[in-house]
Amino acid sequence: MTTEQVFASTIERDQRVEPRDWMPDGYRRTMIRQIAQHAHSEIIGMQPEGEWITRAPSLRRKAILLAKVQDEAGHGLYLYSAAETLGADRGDLTRRLIEGRQKYSSIFNYPTRTFADVGVIGWLVDGAAICNQVPLCRSSYGPYARAMIRICKEESFHQRQGYELLMTMMRGTPEQRAMVQDATDRWWWPSLMMFGPPDADSPNTAQSMAWKVKRHTNDELRQRFVDMTVPQAEALGVTLPDPELAWNAERGHYDFGTPDWAELKRVISGDGPLNAQRIAHRRRADEEGAWVREAAAAHAAKRATGRAAT
Amino acid sequence: MTEQIRHEWPLFEVFVRAKRGLNHVHVGSLRAADHRMALHHARDLYTRRNEGVSIWVVRSDDVASSGPGDKEAFFEPSADKAYRHPTYYAIPDSVPHI
Ligand SMILES: [Fe+2]
Ligand SMILES: [Fe+2]
Chain L
4 MTTEQVFAST
14 IERDQRVEPR
24 DWMPDGYRRT
34 MIRQIAQHAH
44 SEIIGMQPEG
54 EWITRAPSLR
64 RKAILLAKVQ
74 DEAGHGLYLY
84 SAAETLGADR
94 GDLTRRLIEG
104 RQKYSSIFNY
114 PTRTFADVGV
124 IGWLVDGAAI
134 CNQVPLCRSS
144 YGPYARAMIR
154 ICKEESFHQR
164 QGYELLMTMM
174 RGTPEQRAMV
184 QDATDRWWWP
194 SLMMFGPPDA
204 DSPNTAQSMA
214 WKVKRHTNDE
224 LRQRFVDMTV
234 PQAEALGVTL
244 PDPELAWNAE
254 RGHYDFGTPD
264 WAELKRVISG
274 DGPLNAQRIA
284 HRRRADEEGA
294 WVREAAAAHA
304 AKRATGRAAT
Chain C
41 MTEQIRHEWP
51 LFEVFVRAKR
61 GLNHVHVGSL
71 RAADHRMALH
81 HARDLYTRRN
91 EGVSIWVVRS
101 DDVASSGPGD
111 KEAFFEPSAD
121 KAYRHPTYYA
131 IPDSVPHI
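Chains L and C are the protein sequences, given in the same order.
Whatever position you read off the first sequence (first residue = 1), add 3 for my numbering.
Whatever position you read off the second sequence (first residue = 1), add 40 for my numbering.
Some hints here could point you the wrong way.
[What the hints assert, rightly or not] Only part of the chain L face toward chain C is listed, based on derived beta-carbon distances under 10 Å: (1) Glu21; (2) Gly29; (3) Tyr30; (4) Asp74; (5) Gly77; (6) Leu80; (7) Glu87; (8) Pro146; (9) Phe160; (10) Arg296; (11) Ala301.
[Stated by the list, open to error] EDC-like cross-link-like pairs, simulated, lysine to aspartate or glutamate; straight-line CA separation at most 16 Å: (12) L:Lys156 with C:Asp74; (13) C:Lys111 with L:Glu21; (14) C:Lys111 with L:Asp24; (15) C:Lys59 with C:Glu91; (16) L:Lys268 with L:Asp204; (17) L:Lys215 with L:Glu21; (18) L:Lys305 with C:Asp74; (19) L:Lys65 with L:Asp204; (20) L:Lys215 with L:Glu15; (21) L:Lys106 with L:Asp274.
Bear in mind the hints are in silico, worked out from the structure with no lab data behind them.
For each residue, glycine too, the CB sits at the ideal point set by N, CA and C.
Turn these sequences into a full structure, and let the hints steer you where they fit.
What follows is the structure in structure tokens.
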């Protein structure tokens, strides 16, 4: 068998491609791009919620939020680790992010205006992430699939803490209930956009499905998310801001309105509410941490030569 | 390689023993300046929820591995040594516990 045939049959038999296997350049490029983009999303995703750590209303909520944001950092690192198995370099990927040459999820370019946003992010944004990520646990690239399994185990805590936070607020004052509704109104459509453009407008989907890098189309996952979320909204007592949302008995799914795809394009191309701020923050963290990384490397080098001399 | 890339901390592979009685299992990699920092980072990154009772870190550069192309030389000879497997030997059913 030629290397191409070995690769094709690995995919065909639903086995995993591992780092040192031969793979087509396009597959390697696609995987690096997808994994890097995913890693960047986890890292940038720490910012909207991180802003609320010092302002959490109780020590309990602060500890929970801290743990959640720390998890997101961990997710980013699992994924950079997976990208490195393909020959990518972590430092180089960070530079690509900072220089705007690689993207991250559009969702993190929206502001977190109130503490209810923290709850809604856990419920809707982590909820949408779970929908996206569960099928990726069977992605054809082994290290990516294994990172996703680890991540999915942790996401359930993220979604549940968010929903519990919202339930608590819904039992509070009318102002608190209004905050939950307002946050839901602002995050609903951007959450639907997390699944990417509609299938008709997603040129890479077919190849990604053939390589089993992707297991479902954007629209399939979006539908699954809507179907999952509507009963949760009802249980919570909030209204999802879509007049077209209705159960369709014939399809066995909820019908829903069309997200503003022009807005998604704008936000992806860098013109969202907070794109510039998010990247500036990431750049500052990288620059301000540089001396620590250099000092640690110098210290390690010195200890290593000291040991060699004795 | 640019100057900056060379300043990156080296890569370490991380192995975690989930509980006593089990082997250490590879869980991923991380960057650290030295072994001690790698252990601390491994603890923060891979064992936030009692995933383990013991951690090993190994410089990725120090790992030697067989390649996918070595399959024949490494793994195929075992296929024609059927006598290494217990089922190779015919023992009457009447003989107990063997
Ligand atoms: Fe995450
Ligand atoms: Fe999460």
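Hints, one by one, checked against the model:
Interface restraint check: Glu21 of chain L against chain C, minimum CB-CB distance 7 Å, threshold 10 Å, status holds. Annotation: interface hint on Gly29 of chain L violated; nearest CB of chain C at approximately 19 Å, more than 10 Å. Violation of the interface hint for Tyr30 of chain L is found here, the shortest Cβ-Cβ separation to chain C being roughly 15 Å, above the 10 Å cut-off. Satisfaction of the interface hint for Asp74 of chain L is found here, the shortest Cβ-Cβ separation to chain C being roughly 7 Å, below the 10 Å cut-off.
For the restraint placing Gly77 of chain L at the interface with chain C, the shortest Cβ-Cβ distance is roughly 6 Å, inside the 10 Å limit, so the hint holds. The beta carbon of Leu80 of chain L is positioned within 10 Å of a beta carbon in chain C (closest approach about 6 Å), and the interface hint is therefore held. The beta carbon of Glu87 of chain L comes within 7 Å of a beta carbon in chain C, closer than 10 Å, and the hint placing it at the interface holds. For Pro146 of chain L, the suggested interface contact is upheld, since its CB lies about 8 Å from the closest CB of chain C, less than 10 Å.
Taking 10 Å as the C-beta cut-off, the interface hint given for Phe160 of chain L holds, the closest approach to chain C being about 9 Å. Taking 10 Å as the C-beta cut-off, the interface hint given for Arg296 of chain L holds, the closest approach to chain C being about 7 Å. With a cut of 10 Å, the hint placing Ala301 of chain L at the interface with chain C holds, because the nearest CB-to-CB distance is about 9 Å. Taking the CA atoms of Lys156 of chain L and Asp74 of chain C, the gap is about 29 Å. The hint is violated against a cut of 16 Å.
With a C-alpha separation of about 14 Å, the suggested pairing of Lys111 of chain C with Glu21 of chain L holds against the 16 Å cut-off. As the CA atoms of Lys111 of chain C and Asp24 of chain L are separated by approximately 11 Å, the hinted pair is consistent with the 16 Å bound. Taken as a hint, the Lys59 of chain C and Glu91 of chain C pair is honoured in the structure, with Cα atoms around 8 Å apart against an allowance of 16 Å. A distance of roughly 11 Å separates the Cα atoms of Lys268 of chain L and Asp204 of chain L; the hinted pair therefore holds under the 16 Å criterion.
Restraint check for Lys215 of chain L and Glu21 of chain L: the C-alpha separation of about 14 Å stays at or below 16 Å, so the hint holds. Straight-line distance between C-alpha atoms of Lys305 of chain L and Asp74 of chain C comes to about 11 Å, which keeps the hinted pair within the 16 Å bound. Between Lys65 of chain L and Asp204 of chain L the CA atoms are separated by roughly 41 Å; this puts the pair beyond 16 Å, and the hint is violated. With a C-alpha separation of about 9 Å, the suggested pairing of Lys215 of chain L with Glu15 of chain L holds against the 16 Å cut-off.
Between Lys106 of chain L and Asp274 of chain L the CA atoms are separated by roughly 13 Å; this keeps the pair inside 16 Å, and the hint holds.
Hints 2, 3, 12, 19, counting from the list given before, are not met by this structure.
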